[in-house]
Amino acid sequence: DTGVSQDPRHKITKRGQNVTFRCDPISEHNRLYWYRQTLGQGPEFLTYFQNEAQLEKSRLLSDRFSAERPKGSFSTLEIQRTEQGDSAMYLCASSPRLAGAYNEQFFGPGTRLTVL
Amino acid sequence: AQRVTQPEKLLSVFKGAPVELKCNYSYSGSPELFWYVQYSRQRLQLLLRHISRESIKGFTADLNKGETSFHLKKPFAQEEDSAMYYCASLTGNQFYFGTGTSLTVIP
Numbered sequence: 014d015t016g017v018s019q020d021p022r023h024k025i026t027k028r029g030q031n032v033t034f035r036c037d038p039i040s041e042h043n044r045l046y047w048y049r050q051t052l053g054q055g056p057e058f059l060t061y062f063q064n065e066a067q068l069e070k071s072r073l074l075s076d077r078f079s080a081e082r083p084k085g086s087f088s089t090l091e092i093q094r095t096e097q098g099d100s101a102m103y104l105c106a107s108s109p110r111l112a113g114a115y116n117e118q119f120f121g122p123g124t125r126l127t128v129l
Numbered sequence: 263a264q265r266v267t268q269p270e271k272l273l274s275v276f277k278g279a280p281v282e283l284k285c286n287y288s289y290s291g292s293p294e295l296f297w298y299v300q301y302s303r304q305r306l307q308l309l310l311r312h313i314s315r316e317s318i319k320g321f322t323a324d325l326n327k328g329e330t331s332f333h334l335k336k337p338f339a340q341e342e343d344s345a346m347y348y349c350a351s352l353t354g355n356q357f358y359f360g361t362g363t364s365l366t367v368i369p
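First to last, the sequence lines map onto chains E and Y. Counting from 1 along the first sequence, just add 13 to a position and that's the residue number in the numbering used here. Counting from 1 along the second sequence, just add 262 to a position and that's the residue number in the numbering used here.
If you want the footprint, here are the derived chain Y segments under chain E, 3+ residues with CB under 8 Å:
#, stretch
1, 300-312
2, 351-357
3, 360-367
FYI, nobody ran anything at the bench for these hints, they're computed from the structure. None of these values were measured; they are calculated from a predicted model. By construction, the Cβ of each residue, glycine as well, lies at the ideal position given by its N, Cα and C atoms.
Chain E on its own, in the form it takes in the complex (with noise of 0.2 Å):
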C-alpha cells in the first residue's frame, strides 16, 4: 500500500497521559498536514509542514499539542496531559509538490484516540 499510513490506528489512554502518534506520507509529497475531527463535524485543520518546516499551526490549538516532521519524511503529533476534550479522529493528508492550485490531499486511514 502506497498511501497515507498512520500508526496506531487505536488509541485509549487514561486523562492527564502523553499520546504520540505518527503519520507517514506518500512517498516524495512534500506538504503534510494534521487534522482533529469529531462526531458531526468535518476535519478540523490542526497544523501544516512544508518539507521539514511547520508553516502553518492552528491558532486553536493547544499548547499541548506539538507536531514534528524532523527530516521532512514521517511526521508525529504528540498531545500532552491529555484531556477528554481531546477525544477524537486524528488525520493526516499528504500532497505533492505541484505547481499551480493542484491541491490534492491524499489522506490517511487516522488514529482513533479515546481519553478516559
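With chain E fixed as given, assemble chain Y onto it according to the hints.
Relative to the frame of chain E, chain Y by itself:
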C-alpha cells in the same frame, strides 16, 4: 474567519433522481474550493475541485461568486453515491472543511 457551510446534515434521494448538495463559503477573495467524499469504511478522498472544472462520477460543481456557493450536483443519483460529502476551501495553506452532508440514495 473562513467558513464553509453545509446546511444539510442528511440528504436522501431516490435512485435516478437529481441530487444537489449545498455549500456556501465566506471569503471576500478567491478561494480554491473542493469537494471531498468518504465512502463507508474508506478514507476521505478528493472528488473534484473547482479550478479543474471537471466532472467526476457524474458530479459537477460550479463556483458562484455572487452567491458565494459551490453546490455539488448530479443529474441521476446512483446507489453507490451514498457517502459523506465535505465541501472545503483553501486559503493560503489552510483548508477549511464544512460539517459534511450524508447522502443516502434509496434504491
